[in-house]
Amino acid sequence: MSDTQTAPLLDTVEHAAATPDVEQPWAELGLKVDEYANIREIIGRRPTIAELAMYSVMWSEHCSYKSSKIHFSLWGENTTDEMREKLLVGIGENAGVVDIGDGWAVTFKVESHNHPSYVEPYQGAATGVGGIIRDIMSMGARPIAVMDPLRFGNLHHPDTQRVLPGVVAGVGGYGNCIGLPNIGGEVVFDDCYQGNPLVNALCVGAMRIEDIHLAKASGPGNKVILFGAKTGGDGIGGVSVLASETFDEGGPAKRPAVQVGDPFAEKVLIECCLDLYAAGVVDGIQDLGGAGLSCATSELASNGDGGMQVELSLVPLRDASLQPQEILMSESQERMMAVVEPKHLDEFMAITDKWDVEATVIGEVTDGDHLVITWHGEVIVDVPPRSVAHEGPTYNRPLARPAYLDGLNAAGTAELAKPQTGEEIRAQLLTLVGSPNLCDKSWITDQYDRYVLGNTALAQPDDSGVVRVDEATGRGVAVSTDCNGRFAKLDPYAGAQLALAEAYRNVATAGAAPLAVTDCLNFGSPEDPGVMWQFREAIRGIAEGCRFLGIPVTGGNVSFYNQTGDVAIHPTPVIGVLGVMDDVSKRSGSGFRSDDAHVYLLGTTRDELDGSEWAHVIHKHLGGLPPKVDLAAEQALGRVLVEAARAGIVEAAHDLSEGGLAIALAEACMRHGVGVTVDGLDAIGADAEGNSLDAFTALFSESSARALVAVPAGHAAEFEAMLGDVPHARIGATGGRDLDVVGHFSVSVAELKSAHEFTLPAVFGS
Amino acid sequence: MRIGVVTFPGSLDDRDAARAVRECGGEAVPLWHGDADLKGVDAVILPGGFSYGDYLRCGAIARFAPVMDALVPAARGGLPVLGICNGFQVLTESHLLPGALIRNDHRKFNCVDQRLVVENTSTDWTSDFEAGQEITIVLKNGEGGFVADEKTLDTLEGEGRVVFRYVPDAQGRNPNGSYRHIAGITNERGNVVGLMPHPEHAVEEGYGPSLDGRGFFTSIIKQTLESAATA
Chain Z
1 MSDTQTAPLL
11 DTVEHAAATP
21 DVEQPWAELG
31 LKVDEYANIR
41 EIIGRRPTIA
51 ELAMYSVMWS
61 EHCSYKSSKI
71 HFSLWGENTT
81 DEMREKLLVG
91 IGENAGVVDI
101 GDGWAVTFKV
111 ESHNHPSYVE
121 PYQGAATGVG
131 GIIRDIMSMG
141 ARPIAVMDPL
151 RFGNLHHPDT
161 QRVLPGVVAG
171 VGGYGNCIGL
181 PNIGGEVVFD
191 DCYQGNPLVN
201 ALCVGAMRIE
211 DIHLAKASGP
221 GNKVILFGAK
231 TGGDGIGGVS
241 VLASETFDEG
251 GPAKRPAVQV
261 GDPFAEKVLI
271 ECCLDLYAAG
281 VVDGIQDLGG
291 AGLSCATSEL
301 ASNGDGGMQV
311 ELSLVPLRDA
321 SLQPQEILMS
331 ESQERMMAVV
341 EPKHLDEFMA
351 ITDKWDVEAT
361 VIGEVTDGDH
371 LVITWHGEVI
381 VDVPPRSVAH
391 EGPTYNRPLA
401 RPAYLDGLNA
411 AGTAELAKPQ
421 TGEEIRAQLL
431 TLVGSPNLCD
441 KSWITDQYDR
451 YVLGNTALAQ
461 PDDSGVVRVD
471 EATGRGVAVS
481 TDCNGRFAKL
491 DPYAGAQLAL
501 AEAYRNVATA
511 GAAPLAVTDC
521 LNFGSPEDPG
531 VMWQFREAIR
541 GIAEGCRFLG
551 IPVTGGNVSF
561 YNQTGDVAIH
571 PTPVIGVLGV
581 MDDVSKRSGS
591 GFRSDDAHVY
601 LLGTTRDELD
611 GSEWAHVIHK
621 HLGGLPPKVD
631 LAAEQALGRV
641 LVEAARAGIV
651 EAAHDLSEGG
661 LAIALAEACM
671 RHGVGVTVDG
681 LDAIGADAEG
691 NSLDAFTALF
701 SESSARALVA
711 VPAGHAAEFE
721 AMLGDVPHAR
731 IGATGGRDLD
741 VVGHFSVSVA
751 ELKSAHEFTL
761 PAVFGS
Chain C
1 MRIGVVTFPG
11 SLDDRDAARA
21 VRECGGEAVP
31 LWHGDADLKG
41 VDAVILPGGF
51 SYGDYLRCGA
61 IARFAPVMDA
71 LVPAARGGLP
81 VLGICNGFQV
91 LTESHLLPGA
101 LIRNDHRKFN
111 CVDQRLVVEN
121 TSTDWTSDFE
131 AGQEITIVLK
141 NGEGGFVADE
151 KTLDTLEGEG
161 RVVFRYVPDA
171 QGRNPNGSYR
181 HIAGITNERG
191 NVVGLMPHPE
201 HAVEEGYGPS
211 LDGRGFFTSI
221 IKQTLESAAT
231 A
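Sequences listed follow chains Z and C, in order. Heads up, the first sequence is in the numbering used here, so the first residue is 1 and it goes up one at a time. Heads up, the second sequence is in the numbering used here, so the first residue is 1 and it goes up one at a time.
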């Protein structure tokens, strides 16, 4: 930064061309030397400060996916024509869209807001929710539900008590005020997330197929309209380098890096956008999220067939002292950009007026091929929009299987002490049911409105969130997000497939046919070859798994640099699966409801305790190999669960995952206070010679592709006839007020509940 | 049977209230905050939500909306009005009902299936319930603690104007710190009722904790049909 002593000077394109040797702060903005050289080559001169700011933010890891996108070819290679048929809009748009039948389209996507949520938990989480909702809105959809997969450090660490209540209040504060039901998600505690909590946010939206909108600017003469909140100095982040350069006196020296959310403004924006779509006055639409106007203008122009001209001084400001490059970078929330034909302009403005939403024409589509931005008439940006939005750098970073893996995989659970008596099993069950990852989460989820909009058929703590889309028929969707980071640490390929399998299974246990996938890939630094190898393995696992299951990935998000010093988080590829139901009122809940229902365990149980919740809680142990992935078994299980729900003969269906059969039984009992007598434990895991698993292993193994199903006695024969070659055992019957494992132990549902519900209030207060 | 549902900017449960009216056999008429026009409806619902964001005291801005200029005198003249959650807050801010709603005593938003006792079945909105009946409907709010001075509380109880009370938990607490466990009240005439819980989320099989919310809507529909018959 050579000219900090000179008076502020507007760095126009003309000025840049005349002063090629000015030293520029590209390194402070996070650009590499060759990236800066590349920018100079693209535009044939040094960039202006505004151009430099635009390129630096659009070429950041967050916006450009420069370390990850080379691996995205795995998605395409693994998407068959049959899978593509369900996709109305695929990867690359603001969010993917799938056809759910009867003319309805559903869009859904999960994104991360990890780093802001660590710095400022409330606003970081709130604006994470707000951002994903705008992605869904910009597809033309009405947002209908949100979910939040959250991961924190140790429950008892003092910093968790700073981060968690703030994140939860932020998720709730934004989602409740905007009026979207929060229907599920996850809350996971692990020391590996202590300095890197993961705050992922998923939104689902619905629309008629003909109402799908896309982010593109076409048609020369069409108006470019910025509408919603005014632009302020929040979320400028890295560009504060420039702010401090130009504001050496009188102005704010440093801009806040975290954005501030206003859910009321976004609620009004949703209703306003839906009115605009209904009136047919929107040609192209884009939300303003990361990289603000830089991203919206360059992406709209890049996706269109012409250029774009924008006069930046027309942008309504909250802070009149903002410089043009700051206006371009600002991540102020609750803003949208539309491309509108001149003949529709008056009607557009009448609708925004009705909702008291400020809307300003700031430019128009041109027949050129450049994005030209002026400041009071002087040209400060003149670039090919594709070079900003889509042609950023691509890195093929080195990857290498970490050397520690052999040792980690060799250190399984075989040598760990196991409970020997029924009493010991009982005691460990009570410990597990109250452990941080398995305890009752209602201290968190009761802070979220799960009922607003009146279409929620199922929400947490059930296996997936289920919402109605069509009020006339009851057609709707189920969504679940899952990931066990410990499994992914042991084997990222298998771990990612197990996450996919669990989310698939959770949608099926609700009774929905799995249809599509979104993912949020949370990893450490891509500059670490070991992390990059984990990342590649996880993508390969998801892509190949999706191909096997026949459900396409529709979009998602990558979050790198989740590490503190040299220590990365467990690889955490969070998978969201969306399924469809003809009538969501037929969904299956996860809890036993009445006495004398037959209880079945479906699927094969093996001795698989490595990476389990039992090993984690009882022995603080992580090692060995994750459970076997069997996607064919998942498919067969899913088919039975969906068919049985459609037939209306399922009283309860609950997936087996963390904590295995023991926890699934306990949760099914606690849901509605109905007990169960388990007398068929000996049949579990029997091999050809008739040797079955010991009771402890049968109860706590985390083998995949399993579910617990309760069927009223009168429908048992019908249910058994549906099972085909899905392995199954009738293990007991519902009733009473105890979880009674005959011959081993008995525990009252009240005692289970007391251990289950104690944990979070003990830390955070009631 | 036409029941108006007001939409303020930031109203959230307005479409749900309209659906509940339709589910129970009435016609729902959308009313807009900016129009001082009740469109000749037989009754009005002020729905839940965060009117104007509620960044100030809840309901404090909505009270000044043009639609309230028409609604307040009509309510004083006997028009049945039901305020749910934010609507209840608007009714207290408008002085159509006494008291105020403050931040929950535990200082968190709270969404639960809540048990209530119906104490007054002579209002326009509760005649289809039985006195002492226990119902379970959705409660979801951050500022639902009902407070008033002792004299007002005594008056409300003395005149039978406490319409709903929370069933306290085993420790004797209600979900938001409301004085005397009060969940909903009515005016002297019994035409204006406000409560924090949400009956509109308990009217359809498969969506919500029960069908107990239907009684609110069937009460007003019968009430209005009867008064039309005798008019």
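Keep in mind the hints are simulated off the structure, nothing from the lab. This structure is a prediction, so every number in the text was calculated from the model and none was measured. All C-beta atoms, glycine included, are put in the ideal place defined by N, C-alpha and C. Misleading hints may appear alongside valid ones.
[Unchecked claim] Here chain C is said to cover these stretches of chain Z; the calculated rule only asks that three of the stretch's residues, wherever they fall, bring their Cβ under 8 Å from a Cβ of chain C: (1) 169–177; (2) 264–276; (3) 609–617.
(Q) Can you tell me if the stretch 264–276 of chain Z counts as covered by chain C, using C-beta to C-beta distances under 8 Å and a minimum of three residues? (A) holds (count 4)
Q. How does the coverage statement for the stretch 609–617 of chain Z fare against chain C, requiring three or more residues with Cβ below 8 Å from a Cβ of that chain?
A. violated (count 0)
Q. Taking 8 Å as the C-beta cutoff, is the stated coverage of the stretch 169–177 of chain Z by chain C satisfied by three or more residues?
A. holds (count 5)
Hint compliance for this structure: hint 3 is the single one not met.
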